[in-house]
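A.B. asks: For this one, chain A is given, so just place chain B on it according to the hints.
Chain residues, written in single-letter form:
There are 2 protein chains.
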Amino acid sequence: MYWSKTLIPTMKETPEGADIPSHILMLRAGLVTQVMAGAYTYLPLGLRTLRKAVEIVRDEMNRAGANELLMSALCPISLYEQTNRVEAFGNVLIKADLQRGNKKIHVVFCPTHEEEVTDIVSRFISSYRQLPIILYQIQTKFRNEERPRFGVLRTSEFLMKDAYSFHTSIESLNETYKKMYGTYCKIFNRCGLPFLAVEAESGPIGGDASHEFMILSANGEDKVIHCEQCGYAANMERAEIGSRSCDYAQKNVQLKEIAEVNTPGAHTVEQVCKVLKAKPSKLIKTLIYVADGNPVAVLIRGDHEANEYKIKRQLNVEKLELATPEIIERVTGAPVGFAGPIRMIEKIPIHADVCVMEIDNAIVGANRSDKHLVNVNSMRDFMPMRIGDFRNAVLGDACPRCSAPLNLRNAIEVGHVFKLGTKYSELLNAKFLDDSESQKTIIMGCYGIGINRIIAGLVESSHDDTGIIWPVNLAPFEVVICPMKVADDAIMQLASELHDELWNSGIDCIVDDRDQRAGVKFKDADLIGFPLRVVIGEKGLAEKKIELKWRWDKETTMLSIENAAEQITNLIKAERVTGERFANINQSNGGFNNNGFNNN
Amino acid sequence: MYWSKTLIPTMKETPEGADIPSHILMLRAGLVTQVMAGAYTYLPLGLRTLRKAVEIVRDEMNRAGANELLMSALCPISLYEQTNRVEAFGNVLIKADLQRGNKKIHVVFCPTHEEEVTDIVSRFISSYRQLPIILYQIQTKFRNEERPRFGVLRTSEFLMKDAYSFHTSIESLNETYKKMYGTYCKIFNRCGLPFLAVEAESGPIGGDASHEFMILSANGEDKVIHCEQCGYAANMERAEIGSRSCDYAQKNVQLKEIAEVNTPGAHTVEQVCKVLKAKPSKLIKTLIYVADGNPVAVLIRGDHEANEYKIKRQLNVEKLELATPEIIERVTGAPVGFAGPIRMIEKIPIHADVCVMEIDNAIVGANRSDKHLVNVNSMRDFMPMRIGDFRNAVLGDACPRCSAPLNLRNAIEVGHVFKLGTKYSELLNAKFLDDSESQKTIIMGCYGIGINRIIAGLVESSHDDTGIIWPVNLAPFEVVICPMKVADDAIMQLASELHDELWNSGIDCIVDDRDQRAGVKFKDADLIGFPLRVVIGEKGLAEKKIELKWRWDKETTMLSIENAAEQITNLIKAERVTGERFANINQSNGGFNNNGFNNN
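Residue numbers (the working numbering), protein chains in the order written: chain A, 786 to 1385; chain B, 786 to 1385.
No incorrect hints appear here.
Note: identical chains are not told apart, hence a pair may lie in one copy or across any two.
No farther apart than 30 Å at their CA atoms in a straight line, the calculated lysine-lysine pairs in the BS3-like style are these:
(1) Lys1059 <-> Lys1041
(2) Lys1358 <-> Lys1308
(3) Lys1216 <-> Lys926
(4) Lys1225 <-> Lys1306
None of these hints come from the bench; they were simulated from the model.
So that you can see chain A by itself, here it is in the shape it has in the complex:
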């Protein structure tokens, strides 16, 4: 490929509205361009990287015995009504009415394909002999993103690899789940991503039924908890907290008398702390929920965050919602922001996070408008019905496995594996006859990868001040050839010969044949981040040498022209397999890979 024959609109300036590295660099390097908020076009270089990611995903899925198909994006809305997902998706679901003659056809643009694939399986699979089977596709999904942001990380149209597995037994599901987990590790390793597989919510199957694959990145919207000692890793919803038992009856300081204080208009932790000149860790938040229809109170320390997944699990309820202002007023007798545990136990059950029990002389709402109570002490002044783990883990909490202090990292979710169970097969009537001819419901798993996020995640985790740093396996071109003087026929001929030889030996390269200064070419090469740069200059040519430089190295090396193509080919092919050169620089960036089934 020649630079002058394609479209690579690099930019010097940071584009307006872009504020994280992947967004800025993908625009500046001419990989993508925005069509509207939440929809991007992949320009030639961007599409090359995207297609390389697609091919890695496809290759590993095929090796794992998965069968590729391609489902339609259009789907009758009735299929989503059968699984109650029109409501569940809400505003995310993109719907349209198609006028056909005098009929209107109600359709959705699929945000995911559990419905379509289960419907297919229900029609074509009927015997245990046809199971297990893994079906997958690499296909465009549509989801209305209320707040599209961060470039291609959060959009309304994106490319997803979604796989679905079908089984006669939980054991068979577990086996495929492990295989997919291993496949995902291979995929993200081949892509050079510093990923971490973390435990995620378990869903209907229970146990370790769901893992998210996270790219560690300072700008990630997700937070993950990670124990560097034993390898325990979980997302925020799921992360357990190790031992933090305390002697509830014994406080370390003198317990003072309760007093009511004025806190006019202060109904947030921040406001109360300001008025009372107290630290948030001295406060007890009293959250009123409706759990399966019944109001309950959950007490959380002021500087902690409630974790609704944990609350649901411990209270053993299906549905949990924050109470409406009306309910709060009825239960507490005060407007929102002034609830407290004192005398509430008579009205509704109180559940307290362990850390709440340790606070001495705490501040709580007074259940009266504009009033709080100070010097409140657990066990003396209130006794919860249940004490447990109701909050998100924080930096330094004990690891639930080894008690070492937990680390907290920002991350980008790039993949998810999930044991679905029979949720969809039950509703869409996907059954099989077992070997004794009795009819059973098919058990399912699902496995997703956001392909665009592989690209953006790589850029987030691998760049420097001058631009992107691609591993050879995802680079738009593995090699950039920079002839220093395009008017010099000898230089251009060598560039073109090298180009042809490299392509013939399976190396993709681009010749920067623009009539530009070296500085401009080098800056663009660094910005785009081609792994290997080859410079052909007058001086080198006189000595029959060309200059090589890896994107991540400072030093250059000279190479004899004689067998340059062969040597470059060997370098690139070795790096494709091992990714070692790239991995070396990236380890110093704080990234790390994870190959095992880390929680087993």
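C.D. replies: Below, chain B alone, put in the same frame as chain A:
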């Protein structure tokens, strides 16, 4: 690949609602399944053929120097308003409102991408130095199909290769147009399609500015005109008709006196013929149009079809529409169906197709309700303002180039190349600075291929009573290996060794490892249409031989087990390049390929 590990739901019966071979066979062979009217899922085998077509298209586009990108399906409706295509597409355009916070975003799902690509070019291309450039994508299009039918041939969601070229001059456009034309010929040849490139409407550029690529097929919805003597080919709108001049003043029979006859309620050609016991060729249809705002009459022989493209061209008008009943009544004084040329000349201009002039003692409308006139003769009773070619060509008309009788064929449109000119670049402000720094509008071409139609078109043109006949280049698997007894370890081991050896040498094959009778396996192999069938049986094994059969041959041949994989590899690789074996059988089916720029 092993049959038991994938999903191939073949069917014995013709599925309900399917009535053309491609639809029936693609469903029966388990290639596709319908999700809703106008939307299909490609099952594993179907997707394999689709992806082979995609790779052929991509490979040839890249060879032609085109640059692949991937534009979003979502597009703000405002871009379509700028080109007035919201109205032009009408009900075909699929629109949706995305709720984002308290804002509604109006989007369309792109039916084609002239708008998006021209917008990109307007932003990133500014100099003649960046031109010419060809951009293309292989992407899913959405169009509301009022009457989805014929399986994947006419759907609301389909895969399209759409390319757009950008130029500084018409000469440069013409050069790229020729290159694309050649590329399309290569693509369809590699796919084994019996195609014909036909002249199509010229559009704003004029001249030979548009060609359609047609697959000849009895079930095609389009009709093409073809001269087998000189190669002239055009679609119905475009096809010219060779000399059919006649001596208007001289009729061959005695001219009778005009008489008015009763034709109560007869306002179609068919009805009038029935009432008057006449042949349609004796009738003159008087069509009232509004041409650029002015009513005109066009006379066409009763058994011919008016061609509005020709009328527009000859009348040199932009807009032509059939007149409303109100206008017809005002102009003729009679309701629709009773218009005639007599005395109309005083009111509006009359234009007549040449063939109308030859009819002696013709039947025309009387411009009175429920009345027609008989024994009307041109020149004696009416004189048109213009005599010309206003109708569609019919079988046997003279070729406009060589006067040989024209042939009429049904066909499926699979590709279209089109010189767009400046229509979109003008409206979307895509300009460039030429070498004298003056600003000019970019000149465009566009080039589309319906990928799904390649597959359906192949099936339409290449099948027999037992199933599909694939060329190796599109076949879901090139080779099917049928072990005759799956309980026999020796047979299964040979099957599996052959499978592995073939895959390792780059041949894709599937082992039918189902515990089924030979008849079932052979029927499915023929139905799906794998090009080469390999049978491993007990008897053969004893003689160290396996049996080969091409899908299109009746005879089988025996092959020594010794170097079977190598020999099969050579056979398949040779067939990939030449397609000769496939072409031979297909020529006898009446198909033929076309390599040249047939109208130049």
